[in-house]
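In the order they appear, the protein sequences are chains P and A. If you're matching positions, the first sequence starts at 22 in our numbering and goes up one per residue. If you're matching positions, the second sequence starts at 539 in our numbering and goes up one per residue.
Hints were generated in silico from the structure; no laboratory data involved. Since this is a predicted model, take the numbers as computed values, not measurements. A few of these clues could be false.
[As the list claims (entries may be wrong)] Dumping the calculated BS3-like pairs for lysine-lysine here, alpha-carbon to alpha-carbon at most 30 Å:
{"id": "1", "chain 1": "A", "residue 1": "635", "chain 2": "P", "residue 2": "101"}
{"id": "2", "chain 1": "A", "residue 1": "594", "chain 2": "A", "residue 2": "640"}
{"id": "3", "chain 1": "A", "residue 1": "635", "chain 2": "A", "residue 2": "540"}
{"id": "4", "chain 1": "A", "residue 1": "635", "chain 2": "A", "residue 2": "594"}
{"id": "5", "chain 1": "A", "residue 1": "640", "chain 2": "P", "residue 2": "101"}
{"id": "6", "chain 1": "A", "residue 1": "605", "chain 2": "A", "residue 2": "640"}
{"id": "7", "chain 1": "A", "residue 1": "608", "chain 2": "A", "residue 2": "635"}
{"id": "8", "chain 1": "A", "residue 1": "605", "chain 2": "A", "residue 2": "635"}
{"id": "9", "chain 1": "A", "residue 1": "635", "chain 2": "A", "residue 2": "580"}
{"id": "10", "chain 1": "A", "residue 1": "605", "chain 2": "P", "residue 2": "100"}
{"id": "11", "chain 1": "A", "residue 1": "540", "chain 2": "A", "residue 2": "605"}
{"id": "12", "chain 1": "P", "residue 1": "100", "chain 2": "A", "residue 2": "635"}
{"id": "13", "chain 1": "A", "residue 1": "540", "chain 2": "A", "residue 2": "608"}
{"id": "14", "chain 1": "A", "residue 1": "580", "chain 2": "A", "residue 2": "640"}
{"id": "15", "chain 1": "P", "residue 1": "100", "chain 2": "A", "residue 2": "640"}
{"id": "16", "chain 1": "A", "residue 1": "540", "chain 2": "A", "residue 2": "640"}
{"id": "17", "chain 1": "A", "residue 1": "640", "chain 2": "A", "residue 2": "608"}
{"id": "18", "chain 1": "A", "residue 1": "594", "chain 2": "P", "residue 2": "101"}
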Amino acid sequence: SQTIHQWPATLVQPVGSPLSLECTVEGTSNPNLYWYRQAAGRGLQLLFYSVGIGQISSEVPQNLSASRPQDRQFILSSKKLLLSDSGFYLCASVVKTSYNEQFFGPGTRLTVL
Amino acid sequence: QKEVEQDPGPLSVPEGAIVSLNCTYSNSAFQYFMWYRQYSRKGPELLMYTYSSGNKEDGRFTAQVDKSSKYISLFIRDSQPSDSATYLCAMDDSNYKLTFGKGTLLTVNP
């Protein structure tokens, strides 16, 4: 079975500062990878997904970006954080089988002040 | 109309009660239906998935899908305090992405 690591677990950043969140996956190869943001009362919002190295699809236009430099590494970045970027960021991985069973990491709680 | 509608609750029940959680959807292309459980400050974990209309049982949990009504349910029998969590429905149209409901917060009181 696969294991998803995310770090840091919690982060407090000032407005305007840069951001880098990392997600790595163990136990599988060539997964589809996803970044979600979960804000209180708003459910899971898909931000980016990737079907392979260097392949990124953006779901929501914003000041965030994603990169996939290695098969099992997915990075979420921002050059300048906004207050509205606060939330719980989740990385998910899918083994490419017949259905889209997504495994989630433990998440990073980001507070922008 | 949003693609997936889920009552956010909160829902509070006594221990031992039968819990019913529901989602409705509008997209006929959805083929797989899943329920995730999320404990506070943790990532969601998959509870059950179903493909066709009908019921699927796993221990105290039963997932029900009615494609004709575009309605899915999760039943929890003999609910326990450890079942207290947010339950998210999710649906897949085989296009790499899941569409999630907003989640229902459940509290089971001892």
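Evaluated hints:
With a CA separation close to 28 Å, the supplied pair residue 635 (chain A) and residue 101 (chain P) stays within the 30 Å bound. Between residue 594 (chain A) and residue 640 (chain A) the CA atoms are separated by roughly 23 Å; this keeps the pair inside 30 Å, and the hint holds. Of the supplied pair hints, the one linking residue 635 (chain A) and residue 540 (chain A) holds, its CA atoms being roughly 16 Å apart against a limit of 30 Å. For the hint linking residue 635 (chain A) to residue 594 (chain A), the alpha-carbon distance of about 23 Å falls within 30 Å, and the restraint holds.
Between residue 640 (chain A) and residue 101 (chain P) the CA atoms are separated by roughly 28 Å; this keeps the pair inside 30 Å, and the hint holds. Restraint check for residue 605 (chain A) and residue 640 (chain A): satisfied, since their Cα atoms lie roughly 20 Å apart, inside the 30 Å limit. Simply put, residue 608 (chain A) and residue 635 (chain A) have alpha-carbon atoms about 19 Å apart, close enough for the 30 Å limit, and the pair holds. At most 30 Å may separate the alpha-carbon atoms for a hinted pair to count; residue 605 (chain A) and residue 635 (chain A) meet this at roughly 19 Å.
With a C-alpha separation of about 21 Å, the suggested pairing of residue 635 (chain A) with residue 580 (chain A) holds against the 30 Å cut-off. For the given pair, residue 605 (chain A) sits about 44 Å from residue 100 (chain P) by alpha-carbon distance, which is inconsistent with the 30 Å threshold. Note on residue 540 (chain A) and residue 605 (chain A): the hinted pairing holds, with a Cα-Cα distance of about 17 Å set against a maximum of 30 Å. The hinted pair formed by residue 100 (chain P) and residue 635 (chain A) meets the criterion: a straight-line CA distance of about 27 Å does not exceed 30 Å.
At most 30 Å may separate the alpha-carbon atoms for a hinted pair to count; residue 540 (chain A) and residue 608 (chain A) meet this at roughly 13 Å. At roughly 16 Å between alpha-carbon atoms, residue 580 (chain A) and residue 640 (chain A) fall within 30 Å of each other, so this suggested pair holds. A distance of roughly 29 Å separates the Cα atoms of residue 100 (chain P) and residue 640 (chain A); the hinted pair therefore holds under the 30 Å criterion. Between residue 540 (chain A) and residue 640 (chain A), the direct Cα distance comes to roughly 11 Å. Compliance with the 30 Å bound is thereby established for this hinted pair.
For the proposed pair residue 640 (chain A) and residue 608 (chain A), the alpha carbon gap of about 17 Å is at most 30 Å, so the pair holds. Between residue 594 (chain A) and residue 101 (chain P) the alpha-carbon distance is near 47 Å, which puts this suggested pair outside the 30 Å criterion.
Checked against the numbered hints given earlier, the structure breaks hints 10, 18 and satisfies all the rest.
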